[in-house]
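Peer 1: This is what each chain is made of:
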Amino acid sequence: MELALNQPAPLLKRLSWFDWLFAAIVAAGGLFALSRFGDYMDIYEKAILLAAIPSLVVSGWLWKPFRPLFIVVGAVSLFALSQYQGNLARMEEAFFLKYLISSQAAIMWMCALFGLATLTYWGGLLTRSEFMLKTGSTLTWSAIAMGFIGLMVRWYESYLIGADVGHIPVSNLYEVFVLFCLITAMMYLYYEARYQTRQMGAFVLLVISAGVGFILWYTFDRGAHEIQPLVPALKSWWMKLHVPANFIGYGAFSIAAMLGVAYLLAGRGILASRLPRLEVIDDMMYKAIAIGFAFFTIATILGAMWAAEAWGGYWSWDPKETWALIVWLNYAAWLHIRLVKGLRGPMLAWWAVVGLFVTIFAFIGVNMFLSGLHSYGTL
Amino acid sequence: MNPSSQSFGKSLFELLSSMRFAISLLSILAVASIIGTVLKQSEPYSSYLIQLGPFWFQVFEKLGLYDVYHAAWFLLILTFLVTSTSVCITRNAPNFVREMRSFREHVSELSLNAFKHKHEAATTQQPETLAASAQRYLEGQGYKVRNLPREDGVLLAAKAGSWNRLGYFLAHSAIVMICIGGLLDGNLIFKAQQVLGVKKIETRDLPQSQVPAISRLLPSNPSFRGSVQIPEGSSASVAFFNVADGYLVQELPFTVALKQFRIEHYTTGQPKSFESDIELFDLSGKKIREATIAVNHPLIHEGVAIYQASFADGGTRLTLRGWNLFAPAASSFPVEGAVHGNAALTSAAGDHTLEFIDFRPFNIEDMGGGIETPRDTMSVLGGSPVSDNRSLRNVGPSFQYKLRDARGQAREFSNYMLPLQLDGRWYLMSGVRESPNEAFRYLRMPLDPAGEIDSFMRLRGALLNAELRPEIAARFARQALPQEAWGTEIEDKLKSSATQMLGLFAEGGFQSLGRFIEEKISEAEREKVMGTYLRILELAAFEALQLANQQAGLPAPQADQATGWLVRDTLNSMSDLFVYGAPIYLQLMQYDEVKATGLQLTRSPGKNVVYFGSLLLTLGVFFMLYVRERRIWLRIKPGHALLAMASTKHTIDFEKEFARHAQALDTLVK
Chain A
500 MELALNQPAP LLKRLSWFDW LFAAIVAAGG LFALSRFGDY MDIYEKAILL
550 AAIPSLVVSG WLWKPFRPLF IVVGAVSLFA LSQYQGNLAR MEEAFFLKYL
600 ISSQAAIMWM CALFGLATLT YWGGLLTRSE FMLKTGSTLT WSAIAMGFIG
650 LMVRWYESYL IGADVGHIPV SNLYEVFVLF CLITAMMYLY YEARYQTRQM
700 GAFVLLVISA GVGFILWYTF DRGAHEIQPL VPALKSWWMK LHVPANFIGY
750 GAFSIAAMLG VAYLLAGRGI LASRLPRLEV IDDMMYKAIA IGFAFFTIAT
800 ILGAMWAAEA WGGYWSWDPK ETWALIVWLN YAAWLHIRLV KGLRGPMLAW
850 WAVVGLFVTI FAFIGVNMFL SGLHSYGTL
Chain B
4 MNPSSQSFGK SLFELLSSMR FAISLLSILA VASIIGTVLK QSEPYSSYLI
54 QLGPFWFQVF EKLGLYDVYH AAWFLLILTF LVTSTSVCIT RNAPNFVREM
104 RSFREHVSEL SLNAFKHKHE AATTQQPETL AASAQRYLEG QGYKVRNLPR
154 EDGVLLAAKA GSWNRLGYFL AHSAIVMICI GGLLDGNLIF KAQQVLGVKK
204 IETRDLPQSQ VPAISRLLPS NPSFRGSVQI PEGSSASVAF FNVADGYLVQ
254 ELPFTVALKQ FRIEHYTTGQ PKSFESDIEL FDLSGKKIRE ATIAVNHPLI
304 HEGVAIYQAS FADGGTRLTL RGWNLFAPAA SSFPVEGAVH GNAALTSAAG
354 DHTLEFIDFR PFNIEDMGGG IETPRDTMSV LGGSPVSDNR SLRNVGPSFQ
404 YKLRDARGQA REFSNYMLPL QLDGRWYLMS GVRESPNEAF RYLRMPLDPA
454 GEIDSFMRLR GALLNAELRP EIAARFARQA LPQEAWGTEI EDKLKSSATQ
504 MLGLFAEGGF QSLGRFIEEK ISEAEREKVM GTYLRILELA AFEALQLANQ
554 QAGLPAPQAD QATGWLVRDT LNSMSDLFVY GAPIYLQLMQ YDEVKATGLQ
604 LTRSPGKNVV YFGSLLLTLG VFFMLYVRER RIWLRIKPGH ALLAMASTKH
654 TIDFEKEFAR HAQALDTLVK
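Each protein sequence line maps, in turn, to chains A and B. Here this note's numbering is used: position 105 in the first sequence is 604, and no number is missing along the way. Here this note's numbering is used: position 392 in the second sequence is 395, and no number is missing along the way.
In case anyone wonders, no lab produced these hints; they're calculated from the structure. Bear in mind that the values here come from a model prediction, so they are computed numbers and not experimental data. Every residue gets a Cβ at the ideal spot worked out from N, C-alpha and C, and that includes glycine. Honestly, I wouldn't trust all of these hints.
Unchecked claim - Calculated Cβ distances over 12 Å to all of chain A for the following chain B residues:
id	residue
1	Ile37
2	Ile53
3	Asp70
4	Gly185
5	Gly189
6	Gly229
7	Ile266
8	Thr491
9	Ser617
10	Ile655
11	Glu658
To be verified - Pairs of lysine-lysine residues, derived as DSS-like cross-links and limited to a Cα-Cα distance of at most 27 Å, are as follows:
id	chain 1	residue 1	chain 2	residue 2
12	B	Lys43	B	Lys13
13	B	Lys119	B	Lys523
14	A	Lys739	B	Lys275
15	A	Lys734	B	Lys202
16	A	Lys840	B	Lys119
17	B	Lys202	B	Lys65
18	A	Lys545	B	Lys275
19	B	Lys202	A	Lys840
20	B	Lys659	A	Lys512
21	B	Lys121	A	Lys840
22	B	Lys262	A	Lys840
23	A	Lys563	B	Lys119
24	A	Lys840	B	Lys652
25	B	Lys147	B	Lys119
26	B	Lys496	B	Lys119
27	A	Lys734	B	Lys147
28	B	Lys262	A	Lys633
29	B	Lys147	A	Lys512
30	B	Lys262	B	Lys290
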């Protein structure tokens, strides 16, 4: 009787053996890291590591494709680490490292795969080919895997450069741009599975490709891929929380903006027959802004708490802080209009698109044009 | 109360709690905030004056744009935001609480039939039986259910996601709380005191102890954010904070003493950590505690947080050798000084004031040296993220000073203590610039084989000494000519041109030599003549060095390549002396470094209020966005069941859920 009603069973009862295996791997990895490197961590870093275990496990349980991604990234990264044999020069000698999985090689593969995924998604969208769209998803997954491997290996490489140089790779504009591409792509793939629609990939991958373009320009023109030691202000466990939380926000806002573009095009009859229904796009857009807003709120609060510890005040009206507030106010207004007034339609889509420009300015523009305390990623 | 004022009050209430007003406030706040990010805040007023010109400077000052976020009008916007949010909460509160509690049991069948989301099913079951299984189902779905018997059957009233409304309260009270916390930590108290005339800012540059009481804030001041610089071995019991074009002195409830300030560096030379070993004493002088603070690791003592904010020189003592650059002798004189201090210099070159600005124990310079970081495609693709810092080098200590002449004109100098190797030879470097926004131009003085600049100075003195010139010229002519030509007219001619060359050079370096040639020699021959003259000058200079060494009782210089370069470099460097802009060069011989730490001291009673507000905000946002409020009614009559569903937000999820429940009802009725 109960089964016939399609009653959702509690999460724990729905878990398969693979879920438990995944949980065991995550826990074993985390605890191993704690026992091996615990002596070099302060209490907060230990807490972050321990809290990461259940967070990753639950992410995998709720979103199944996360499990193979995690295992593949972990296994390949460990393989890459073993290839180094503790010697940085192996980067140029060992075959796998040189062409595939040294940090820079892996990140360049990520860039290439994102580029291919963009083209494939557009091909699939224009020719209505489900196969091409599926290929687009696969390419995006591969790009994500390569990107995460690149970041993991980069983390290790930074310690090979010097024990005091080593740090999590979220400390400068180059590293966070890689993170931005990865987080945006992951969030998109989550929605893709949830809404059973792959067409939006063509739009979302455009903004990721723009990020890739920036990474390439930044690498070739400015040599920004070099690992630099942390300035004293950034040497804090807060960085591990503040930066990723911020990029969930930025990623989600970017997705929302691209959905806004799709909405506006479809509303004018352009590509309309190839895109999902307007209500679906609208709903995805709302979901993206909601999750982005929630994480951006957390990120800003974490940032304020970090500022209180590093700069002597939780709010200094520094340009970056102020622009974060502006971004926050912008999406707060968006949500008010939609939730309270119940407004839908092109106006909110336009607003989401404009919101991306505000977000981009807060993200890069502030570093380019304004000076202040957040001057870690100058162009 | 008369009706018109009542209606005014009511419409004000309506306005303040309206959505449109709230959105407008959010937008105005956002736009106003932009101003402060575009115009640099809290700069010295003089730099605004230069930037904006006198007219706009005054306009901007009146608008409070130099400190937007503390301007009265900005605080007014914030006050409106707090008021509007509070009014909004008060207005919605009773209704929301009722909604959260209510199951809407009194809904009529007629209105249920009018629902957009409704589903009907025929049933053979008894109303009570069906109600029981439906209740189990709904409770399994996370609903709270009320079973209400009606004359002809049952009404199930169910609700889920009431926390959505709780989220509204949490998020909106959080905004009020954060703003109030922020205001507590702002400078409102001082502003009030300033308006009342009890306190005023100090604009004069006074020693701390002479700042009058009207510009001093007592240790009991509940909130402040000030900074202070303490040299090693000194202490401070006040902090300063800048307001508009002046400052205030904040007296501290304790004394901070700096034992040591340390900077650690990475191997690449970038700073790795800044740390201060400090001691706290109470005002009677009793030691309270000792601590080491660093960036990201402040010390919190009795509600006052002490942060590592910056560092500076704390008055490094310098032992210097002064050289008179235009004296016809290689004479130096001793100079003593300390950074941030002044010294009077009386020398043959006139009276000067020496103002010591700074001392840097390290200078990391990119020496280039032909190491190009490869950035071609292949090296990046398969490449290494290891940065190539081999060209970075610590070139040792330097000190900065201004030399002000009797007329008050000053130039800024930056002299290195250690020599630098350039093109394979060693030089002492002295940088000069006219104003702070220029780059330094460097004078390079060659070192002799002993590694000193004494040979340079001796040769320079000899070349400037007019009395030695005939002797130098004579020696040169004898060296240059074969013995047969000695005593002839040729020798006299060569002697006199050498004397002339030396005289011209001593007047203004290569420039005056060049001017002479331009005036006297036809254009076609200039280049050839210039070559000859330079050759004469170099050879004569070598003789001058020999003579100078002889007079100083030193061994004669080797006639080798090193001496050749020494002579050539000396001529170049001497020529530069005429544009160096100072008659004196100061050579750093010894230093005794004293560092100073820059601390920031804050007391922010509102911090915990803000943090608590932030926690509520986070919870509130999640409840509002991720808890959907939904209601279900199931009206069961014999043979018939009606399912109706409602939500405040009609999302796709809602449609899906409704479809699921409708399907469930079809299963249940069987």
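Peer 1: Decide, hint by hint, whether the structure agrees.
Peer 2: Going down the list of hints, with the structure as the test:
1. Ile37: At roughly 7 Å from the nearest Cβ of chain A, B:Ile37 sits no farther out than 12 Å, so the non-interface label is violated.
2. Ile53: holds (18 Å)
3. Asp70: The assertion about B:Asp70 is violated, with a minimum of 9 Å to chain A.
4. Gly185: Violated: least Cβ distance 7 Å, not greater than 12 Å.
5. Gly189: Answer for B:Gly189: violated, closest chain A Cβ roughly 10 Å.
6. Gly229: At about 10 Å from chain A, B:Gly229 fails to clear the 12 Å cut-off, so the statement is violated.
7. Ile266: violated (9 Å)
8. Thr491: Since the minimum Cβ distance to chain A is about 67 Å, B:Thr491 lies beyond 12 Å and the statement holds.
9. Ser617: violated (4 Å)
10. Ile655: Label violated. Min Cβ-Cβ 4 Å, cutoff 12 Å.
11. Glu658: violated (9 Å)
12. B:Lys43 with B:Lys13: The given pair, whose Cα atoms are some 42 Å apart, is violated under the 27 Å limit.
13. B:Lys119 with B:Lys523: violated (107 Å)
14. A:Lys739 with B:Lys275: Cα-Cα ~19 Å, so holds.
15. A:Lys734 with B:Lys202: violated (40 Å)
16. A:Lys840 with B:Lys119: Holds, because 19 Å separates the two Cα atoms, which is no more than 27 Å.
17. B:Lys202 with B:Lys65: holds (20 Å)
18. A:Lys545 with B:Lys275: holds (22 Å)
19. B:Lys202 with A:Lys840: violated (48 Å)
20. B:Lys659 with A:Lys512: At roughly 23 Å apart (the allowed maximum being 27 Å), A:Lys512 and B:Lys659 satisfy the hint.
21. B:Lys121 with A:Lys840: Roughly 24 Å between the alpha carbons, so the hint for B:Lys121 and A:Lys840 holds.
22. B:Lys262 with A:Lys840: Since the Cα atoms of B:Lys262 and A:Lys840 sit roughly 62 Å apart, the hinted pair is violated (cutoff 27 Å).
23. A:Lys563 with B:Lys119: violated (35 Å)
24. A:Lys840 with B:Lys652: holds (11 Å)
25. B:Lys147 with B:Lys119: holds (22 Å)
26. B:Lys496 with B:Lys119: Roughly 119 Å between the alpha carbons, so the hint for B:Lys496 and B:Lys119 is violated.
27. A:Lys734 with B:Lys147: violated (49 Å)
28. B:Lys262 with A:Lys633: violated (66 Å)
29. B:Lys147 with A:Lys512: The hint holds at about 23 Å.
30. B:Lys262 with B:Lys290: holds (13 Å)
The structure fails to meet hints 1, 3, 4, 5, 6, 7, 9, 10, 11, 12, 13, 15, 19, 22, 23, 26, 27, 28 from the earlier list, while all remaining hints are met.
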